[in-house]
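**Q** Listed below are the residues making up each chain.
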Amino acid sequence: MNRTLAASTTLSSPQGDRVGGLPATIFLLLALVPFAAGFGPESYVLGLFTRVMVFAIAALALDFICGYGGLVSFGHAAFVGSGAYAVGILGAHGITDMLVSLPTALLASAIFAYLTGNVCLRTRSVYFIMITLAFGQMAYFIAGSLAPYGGDDGLTIRLRSTLFGFPILQNDRTFYYFVLLALLAVYLLFRAIVYSRFGRVFRGARENPTRMSALGFDVFRFQRVGYVIAGAVGGLSGFFLANATEFVSPAYMSWQRSGELIIMILLGGLGTLHGAIIGAAAYLLIEEALGGITEQWKLIFGPLLVLIVLFARGGLLGLADKIRGKLGRA
Amino acid sequence: MSTGLVVVQILNGLQFGVLLFLIAAGLTLVFGVMDFINLAHGVQYMLGAYLAVAFYALTGNFLVALVLALAAALVFGLLLEFLIFRHLYDRDHLEQVIATFGIIIFLNQAVKTVWGAAPLTLPIPEFFSGSIVLMPGLLYPVWRLVIIGSGLAIGLLLYILVGHTRVGMLVRAGATNARMVSALGVDIHRLFMIVFGFGTMLAAFAGAMIAPILSVEPGMGDTVLILAFVVIVIGGIGSMRGAFLAALLIGLVDTLGRSFAIDILRLVMPPSPARTVGPAIASMLIYVLMALVLYFRPSGLFPARGRG
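Protein chains in written order, with the working numbering: chain A, 74 to 403; chain B, -4 to 303.
Don't read these hints as lab results, they were simulated from the structure.
For every residue, glycine included, the Cβ atom is placed at its ideal position computed from N, Cα and C.
Wrong hints could be hidden among the right ones.
What the hints assert, rightly or not - Reference listing, derived: stretches of chain A covered by chain B, where coverage requires no fewer than 3 residues with Cβ under 8 Å from a Cβ of chain B:
| # | stretch |
| --- | --- |
| 1 | 326 to 337 |
| 2 | 375 to 383 |
Unchecked claim - Some chain B residues flagged as far from chain A (calculated, every beta-carbon gap over 12 Å):
| # | residue |
| --- | --- |
| 3 | Val70 |
| 4 | Thr171 |
| 5 | Met279 |
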């Protein structure tokens, strides 16, 4: 089953350490969005693209464990949710400073990832998918039972996170650049990890865990570290999600949300990192655009997903490569 | 917690378990034999319920509506197989997940467009409406017993079909090693079609049978789908016996948990926190069970021989 996964992962190219043209273009475009937004409905456009970047952060983390580690997590939304709930719960007690809430969000998700990873990483393939789903569902139901923090109805956040008491995230534009900076940092972090010695072992464990163990690596521990990193970054996404929506609810952890994240990374192209950003943008923008055309947008969106799978292997990036290849030959 | 209540809840749990089995049976076969993750299996169940409602409105006879709904669901399922699934069998699991997720999104919206978002109802067939006395002072609806009975009958039928017929032998062989079966000269694609069509009908049957006691609404297949996956993973993928036992186990654990979690918790904690924690624990119970099973038996309780 790893045939297509391997095909879409062309990362072993030696020029890997350089940040390519496409990722640079993506970040440049994202940096220009607020200027373009000035010509239109500014807060709407800023809100939409902030959302895109927030999901891109979570998708990057998922692409890291899934595309490079071969660990298909169907419970990734739980990490995002725990990060969001850290912000919400602290906020409900009047603690809004991000010097507290940001580390708490990261730590909460990392601990959750560590605890569940100990169990999940003992299983393989489909069983791994299902057991991560199980833990995701557990987190979902725990969140729904937090009666003091809104239970099933969720919890409104009265104040976006502050820094030393200053409400720096209150301005949409500042918030946007803050998220963009975080996205860039996460992207560069994963890039560095993927090409590091740790990353090579992590990737090797996907290709052939038996051989990696035979080489003397404790595969389980490497995968656990990767899983915890992905969890913490998921928490970072949750921190921003809570601030962007000024609301947290158990729905953030639903299995549908985890499914959407998987679709995002597949849409962009698995195991490419910047594909995760493209996928998140494509998913949310298509959703938004179709939603603008008709209320029945799902009638178009569903078949679109089927068509992408049938005709665009390797996601949008794969499709672009194919088109480029055809043009090059002509 | 009277004995009567416990008996009723055990019966409810059995009924739920039988329902899950009908859905999981098709899922585990399709998954086991074709190595194909069909998320759209849940919407087949939903479609069965909607079709039963639609045909009942046309004919006014439950049995006729049931037969027509099964036939229509079969045709639709085979159409999906022919148009889409066939091209996905040798693809990656993840690609199968996306494509079938797309079908879920489409069909959930489609039934909303055709039949409206409001829940529909289907009357219980007159002959089976009403309740019977199980014990003095203990009534139980007949229709639920009919569901349990028909589910067990289908379980028996599947046991004979899969365990003691030639096609069943091929299906079992396919679940262990599909490529080898194909190499031995069996038309594996025809086998896939049969298995797939049969699984579709079972899911639609479950939907049609449950329609009289559950509201028929868009998205009703999603929850059941996840539970059916839990069932086949606990039972061991590709194992019919595992699916049957795991379905009953999940049905009982979930139903009894929901009914008695608060009462049990009240033995160890004050009533007020028990009321808030209880429902959460009850909802989580089956996932905890799945995590435990997978921790100790990473391939489920009854893995099909020759598989991981």
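**Q** Kindly indicate which numbered hints from before are broken by the structure, ordering the numbers from low to high.
**A** Structure breaks hint 5 only.
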